[in-house]
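Peer 1: Residues per chain, in single letters:
Protein chains: 2
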Amino acid sequence: MISNTRLAVAAHIVAVLASKKGESVKSRYVAGSVNTNAAFVRRILCSLTKAGIVRAEMGKSGGFKLVKDPGKITLWDLSVALGEERLFAVHKNPANPCCPVSRGMKESLGRAFSRVEKAAQAQMKRISVKELLPA
Amino acid sequence: MISNTRLAVAAHIVAVLASKKGESVKSRYVAGSVNTNAAFVRRILCSLTKAGIVRAEMGKSGGFKLVKDPGKITLWDLSVALGEERLFAVHKNPANPCCPVSRGMKESLGRAFSRVEKAAQAQMKRISVKELLPA
DNA sequence: CTTTATGTATCTATACCGGTTACATATTTC
DNA sequence: GAAATATGTAACCGGTATAGATACATAAAG
Chain A
1 MISNTRLAVA
11 AHIVAVLASK
21 KGESVKSRYV
31 AGSVNTNAAF
41 VRRILCSLTK
51 AGIVRAEMGK
61 SGGFKLVKDP
71 GKITLWDLSV
81 ALGEERLFAV
91 HKNPANPCCP
101 VSRGMKESLG
111 RAFSRVEKAA
121 QAQMKRISVK
131 ELLPA
Chain B
1001 MISNTRLAVA
1011 AHIVAVLASK
1021 KGESVKSRYV
1031 AGSVNTNAAF
1041 VRRILCSLTK
1051 AGIVRAEMGK
1061 SGGFKLVKDP
1071 GKITLWDLSV
1081 ALGEERLFAV
1091 HKNPANPCCP
1101 VSRGMKESLG
1111 RAFSRVEKAA
1121 QAQMKRISVK
1131 ELLPA
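Chains as they are written, first to last, in the working numbering: chain A, 1 to 135; chain B, 1001 to 1135.
Simulated from the structure, these hints should not be mistaken for laboratory data. Quick caveat: nothing in here was measured; it's all calculated off a predicted structure. C-beta: ideal position from N, C-alpha, C; glycine also. Treat the hints loosely; a few may be bogus.
As the list claims (entries may be wrong) - Once the Cα atoms are required to be at most 30 angstroms apart in a straight line, the calculated DSSO-like pairs of lysine-lysine come out as:
id, chain 1, residue 1, chain 2, residue 2
1, B, K1021, A, K92
2, B, K1072, A, K106
3, B, K1106, A, K68
4, B, K1021, A, K20
5, B, K1125, A, K106
6, A, K118, A, K50
7, A, K92, B, K1068
8, B, K1065, A, K92
9, A, K68, A, K118
Claimed, not checked - Computed footprint of chain A on chain B; a stretch qualifies when at least three of its residues, placed anywhere within it, have a C-beta under 8 angstroms from a C-beta of chain A:
id, stretch
10, 1008-1018
11, 1028-1040
12, 1120-1132
Based on the provided sequences and hints, a complete structural model is requested.
Peer 2: As structure tokens, this is what we get:
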């Protein structure tokens, strides 16, 4: 049902920063842990920076460090930072005005999906990055 | 977070069948309500048929009809029928064996995501197609 | 036998995902 | 001040998924 892995990668990235306990970490190092390239990691780190989860330091001897306590950064925080809070998509085909079912369907689906997403959201708020770290 | 709209379309399709109260409905008619083409609708109806939610009748004067009570067909039933029960994806990059965080990350993420999916699933089981129909 | 439905394969345009390169900008270091 | 090296971000690319469209074999009714 899902397409991209950005939430997973974001969580991985933050976990790496958390494991360094506030030290400055370079995107290249993080990329090594995720096993991807540094530019992709920076793209995600950029969203996290704008969300105030991470601080970026420019220039030589730059890098990234966590701003918040890893125990207080939840999966939901990351989803919001990435702008990916929706779990379902409704088709965009225009409703058929001749069909009563079609007329109300997209609104009904929107409400139904919102209920499910709300339940998921509640759970995501209960899972912090700290729980992803090795014991 | 989601890419495809098959669950939404499947729900729409079943709602149309439900509104016809067990009568046989042609894929072409359903396609008119969803505002898409009949082959796409049949592709989804095929999954629903295999899942026992719908019965297909071949040949001239063929069509589709609901097998189950619309009040007993849930969003979760449809997701299972479509083989789309996962909401999140973990990146497939191999773990970096030198990094303790990386070593455990994919398992940790799998567990975390499963918890969220379970919450979503519980909610999806509580929403039936009947609730999507106009009052 | 003709008509007309489903089942399914194939083709296509579009979009997205993630990898990659490149380079402007910022900041430390010398 | 100049060199070195980090982030920020745009641009491009190949792979893949989505959904639309056509086509046709198969099945059943008339």
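Peer 1: Next, verify each hint and record whether it holds.
Peer 2: Hint check:
| no. | hint | verdict |
| --- | --- | --- |
| 1 | B:K1021 with A:K92 | holds (26 angstroms) |
| 2 | B:K1072 with A:K106 | holds (21 angstroms) |
| 3 | B:K1106 with A:K68 | holds (23 angstroms) |
| 4 | B:K1021 with A:K20 | violated (61 angstroms) |
| 5 | B:K1125 with A:K106 | holds (19 angstroms) |
| 6 | A:K118 with A:K50 | holds (24 angstroms) |
| 7 | A:K92 with B:K1068 | holds (28 angstroms) |
| 8 | B:K1065 with A:K92 | holds (25 angstroms) |
| 9 | A:K68 with A:K118 | holds (24 angstroms) |
| 10 | 1008-1018 | holds (count 6) |
| 11 | 1028-1040 | holds (count 5) |
| 12 | 1120-1132 | holds (count 7) |
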